[in-house]
Structure formats: C-alpha cells, structure tokens
Amino acid sequence: MYRILTKKCLNPTVTQMEIEAPLVARKAKPGQFIILRVDADGERIPLTIAGTDPARGAVKIIFQIVGATTEKLNRKEAGEAIEDFAGPLGVATETEGIRKVCIVGGGVGCAIAMPIAEEFRRLGAEVTSIIGFRNKDLVILEEEFKACSDRLIVMTDDGSYARHGNVTVPLGELLEAGEEFDRIITIGPLIMMKFVTLTAKPFGTPVTVSMNPIMIDGTGMCGGCRLTLNRDGQKVTKFACVDGPDFDGYEVDFDEAMSRSRIYADFERAAHSETCNLFAAEKEG
Amino acid sequence: MAINPKRNPMPTQPPEVRAHNFEEVATGYTEEIALAEAQRCLNCKNPPCVSGCPVNINIPGFIGKIKESDFAGAVQIILQSSALPAVCGRVCPQETQCEAKCTMGVKFEPVAIGRLERFAADWYLAQPARTVATAAPNGHKVAIVGSGPAGLTCAGDLARRGYDVTVYEALHRAGGVLVYGIPEFRLPKHIVAQGIESLRHSGVKFETNVIIGKTLTIDDLFDMGFEAVFIGAGAGLPMFLNIPGESLKGVYSANEFLTRANLMQAYKEHPVTPIMKGGKVAVVGGGNVAMDAARTALRLGANKVDIVYRRSMEELPARREEVEHVKEEGISFNLLTAPVEILGYQDEQNPRNPKNGFVSGMRCLKMQLGEPDANGRRRPVPIAGSEFTLEADTVIIAIGTTPNPLIKNTTEGLEVNRRGGIVVNEEGLTSRTGVYAGGDAVTGTATVITAMGAGKAAAKAIDRQLMKQ
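Taken in sequence, the protein lines are chains W and P.
Quick note: the first sequence, position 60, residue 1158 per our numbering, numbers continuous.
Quick note: the second sequence, position 80, residue 128 per our numbering, numbers continuous.
These are computed hints drawn from the structure, not numbers from a lab.
Each residue gets a CB set at the ideal place from its N, CA and C atoms; glycine is no exception.
Each computed BS3-like pair below joins lysine-lysine, with the alpha-carbon atoms no more than 27 Å apart:
id : chain 1 : residue 1 : chain 2 : residue 2
1  : P       : K115      : P       : K54
2  : P       : K316      : P       : K375
3  : W       : K1333     : P       : K456
4  : W       : K1125     : W       : K1106
5  : W       : K1336     : P       : K403
6  : P       : K316      : W       : K1174
7  : P       : K456      : W       : K1336
Computed list of chain P residues with no C-beta within reach of chain W, every gap over 10 Å:
id : residue
8  : F70
9  : T182
10 : Q242
11 : K253
12 : G273
13 : L364
14 : V388
15 : G433
16 : T498
17 : M515
Turn these sequences into a full structure, and let the hints steer you where they fit.
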C-alpha cells in the first residue's frame, strides 16, 4: 500500500496528491510517469509525474477526474492509501543542448508541463510558457509557472480569464515575430498538440509532444500504447511506455492516436455513470 | 498382469459446456484413475523419462509412491526437483519431453506422467496442513528479477539451500506469465497463488511494483547487499506483422488481450478493465499463446473464432492436446493463410460514426509450402490470385515477442545478442560477474518448463559461486 501524504483540489475537476513512494521519488525525472491502482480490484492507469520530494519520499501526481478510476482516486483522502504505485516509467524529457525553450501546456497537461519548465529553469535555459484552459475556473498552476518562466502567457478558450483564444495563437505570433526557440515542448490534449506542431511547422522549430495513450503494464509488454511515426517516408511502430512518452511532433500520426484513444469510449461512459450513480446513492443515503 | 496399452484419458468438461465458462477444461485424474495409470509405469532401471525432464524429476520414484497410494511420498519426491508441480503438471509439453522418452511409448502409449504429476500435486494442495521445509539461513542474499516460472524456480531452489531471497516483480501481482498470460481455464490462478504462498512460507520475500531497470537498477541491487542477481524478466515487446491496419481499434497483441482477460480479470461480469467481447475474432499465429487467445475470445462470447496460420498443421507449434481442445470447442483453423492487410470501417458520409476506425475484416493470401529455410522449416510461399477477406471485428496478433529493453538499457556491461536476448553461458552466467539470467529474457518466447530448467541451473551455479567465496 502507498500512503497519500497530501491532497489538494486545484480546480473542480483536477486534484493534486503526493503519494509516499520513496524508490520512485529517488529515481523520477521530469517527463516520466507512474502506473497506479486505487484498490485491489482496480484497473491500472498511467499518470505523468508532476514533481518529487525525495527527502520525504513523495511523488506528486495531478489528475483530472475523467472516469471511474480517477473518480475513485479522488475520493481518497490524505492519510489513506492506494493499492499499487509503480515507476518511474518511460524516458525522461530531453533537455540537453536546449538553451531557449517554449513550453505549451493545455488543461491538465500543464501539470506535467510545469516540472519540465522548472527543470529547464534549473538548467539555466530561457523559458517561455504558454498555458491554456477552457475557462477561468479550470486555470491551474499559474503561480508556479510564473515562478519558473521568463515569460508566461495564459489563455482561455472562452476569454473568461486572461487572453481569449487557443495556445496556438500566441505561439504563432512569437514565431512570426522572429523568436527562435531551440525546442517547443507541448503537453495536453492530442488535438492541441497536433495544432501546436502544425503552427511550428513553417518555422521548422523542433517540437516534442508528450503522448498519453491507453496502456496496461507500462513496461513494454502489452503493446496497447503503440503509435505510428512517419519517419523518412516509412511508417514505424513505437511503444509510448518504453520509447516515449515524448516523441517528435512532426513524426506522430495524431489522427490515428486520437482514434485509438477512443477505443473504449462506450465502456468508459458506462463505467463512469455507474460510479456517479453510486455517489448519488451515497449522498442520498 | 496384462499391460494396458492405452493411457487413461483425462476427464474434461464437455466442449459445449466449457466453451462458455472460464473453469478448468481438464478436471484431473481421480485416485482410482491415477492408481490404474501408475500401474502402467515399468519402473525402468535407467529411466529415460528423467533425462527428458528439464528439471530432472525422479519420475519412476514418484509414480512408484502413487502405486503404493503414498501420495504424500510422491509429492515429496517431486518437490525435491520442482517448486511448482501443480503448474508443470498442467502446462508442460510432456509429450515432447518426459513422455516422449517413456519406454512404454515404444510399443504402446507412453505413461501419462504429466497427469500423474498433476494428480499428486493437486492431492497435496487439498491437504489441510502442508509442511514446508525451511532451511537454516546461510547469511547470503540473492535478488531475483521477475516472478514467472524461471524466477520462482530459482527462488525456491535457493531458499531451500538457506539463501535470503527477494523476488522483484514489475506488475502488481506475482506469477509473471502464469498470471497474466496463461488463462484460468488452463491454469487456475489459485494454483499459482498456492505455489507462491508455499515459497513465501519457505522464506522467499516478494516485492511487487518494482521494475528492475527503472525503479531500481541491477547495480542498485548489489549496492543493497545482494551478492548475486538472477534475471528472469521474461519476454517483452510484442511483435506485429507490419502490415497496413495494425493500429486500427480492435487489433490486439496476444499479450494485451490475455493480460486484460487474465491479470485484469476482464472476463468477470462487471470488469473495471475493458476488453472487446463478442463478434468475430481472428487470431494470427499457431503457438500455445495463439490457442490461449482464441479460446479466451470464445469464452468471452465471440460468435466465431478463426486461427490464421501461414504454415500447415504439421508445422503448427502448439501442443497437440491444446489443438485438440481448440478443435473440439468449434474454433476453426485457417491454415496456409497469411494476412496482408487489416481492414477498417470508414464512413465517408459521417466522420463521427462511432464505428470508424474499428476493424471490419482481414485480407489474407493462401500459401503453399516451398523449400525448407535455414531452420529446416518449409517456407510458406503465397499463391498468386488467392486473396480473400476474412470477416473479423477483433484481430489478435500472437506471433511472439522480442526481449524487453529495460534491463539491458540500464545495466552497463550486460551483453545481449542481435535480437536483444541476454547472453549467458551454460550455467546461466551473463557477461557481468554475479549476474545470471534465464527463461524468455535469454531465449525469447519458449515454454514454462524450459524457463524453470534455466532457473534451476542458475540456482545451482549461484550456490556454487557464493559457497566458493
């Protein structure tokens, strides 16, 4: 069992927890992920690591309540424990040789983008952060980004806070104005990462995207997390769990990844409403 | 007394019943059948069967005890060589090992050694109190990477010699392929759990959720005071066919399909881990894993299951007994057939049609066997103009795996071969001092008993090395 050290609601649908997992805390690097199970009959879900405190043996995770399992996880309180917590998995985000970086985060993806921005700051790189949310209520980690960025641009889709529009708008403007980034690193919904890549394409700026496909074991055994890269005119199959989760945005077949991410959409909807009804029944009782 | 030329058949659930449940297909010998079968053993002076067993169980010895109705004695003899008799009795390919060498087999049917082993092991598991011998600690620490058949065997043998053994498992449950891969109807999970429990009683420690190569490295283990490490991490990345359409929704590797069904229990009524059920299922491959995937799909409610294999029945690598079971259950074999493309739904009128991107069928070519290849197997050659479409909603690719890169990538000086398998000498020693390896991590996809044999050999070598120091 792995104890929940702290719990904090970042917004109505996003929760931050610190889990006691000293071995993971000691090894984890920005960009890597863990797999957890909430209880003994639970499913395995991957979550990207949002920070560590090795001295306390703590690993920070930030998750959006999107399905039955994250719902169940969100019901746990500090002091309680979860069944399984394994990692760190995947390859850490590449930082070498990058002196000027643009971090583009969307929604809960900002939780993963933040420790990467911090890492670049620690390494002395110049950090521009563009973070986007659907609306004002969903804005998270703004202060944290401010602290580790040389320049921060906050966007909301509906204009209810900060600047109105998608993250691709200010990114395009910066590139248009002649900003030369060594790398753009983008983390968020697949559709956002696809358009960040398309925005950068005319300027040839290298783009790293962080993929978060469906997976089971996370150790390179099941192959469920495979994605297709278009590399030098060839189609190459890669496994996000061991080869990623970071990939070259220009190579990723986003449309296929989006299609694969919806394999179990029906099942998930059913499972989610089942859990929600359970909650409703409990509240009534 | 006249010798019965025929072996006693294994009682099984009728095919029409078992095709709809996940309970064990073979129900096991009764005491009466076991006694009758044991009588068929000639108790040869130089028993050839023992040399056919990768872990060299004293086969005439334990069968002799069964003849005397001394089942406890029979089990004790088996346990001297094998930590998991209830597992081996079920999943070993005895027909190509011990039973292939049985003297009875020269003129008649060989003694059903595997079934007798299972009988003795199951009798033992049913006893209320089981004594587990614990050895006096010898003060030496050994780490085992992976809790599959290789790791469990190595752990058991070392614990019996007094070693302080810790087994590290990447997944949340110990057992490796025995729990994530081999289905319940062929190897019930409680049998594996009991095997692990008795190892625990003999002092073996299990640490789940530790991925060696990630959570800890091999070098970390030595820093932690382990004097030797055995890597039995199993096979890794699933292979795909590299044909168009393999990323469509509904295409699974056998590893993923079986892991969802077994380890994550997607076969239960309200699973938390989803799996595609029902419809028409095509399984590509001809090994035991392909058979397991096909039969699992059938039990999950498929209307039709097709096994697609590019060679003929003669070359099909699965165990004969399993092939017979598969046929009885109504699964069809499409032999000399090779997939060339997996087809998907695409509603041009409605890009939001939820069926878009799901599998709709598989285009295949008929093959004929040509000249033998380097391994002596006749190569399948496509027959021109033989293309046809097999209807399918789910395609399961069961054509093998390649070794997992996690340990290799994080262990300096660990030599691997061209395919990524860890290089070892005949004792299981790798290019690193004190690091041994065995099972699929070395050989690529093989059998449970081969892995157990490798675990056993490594335990012996580790013991020799550490006792010398």
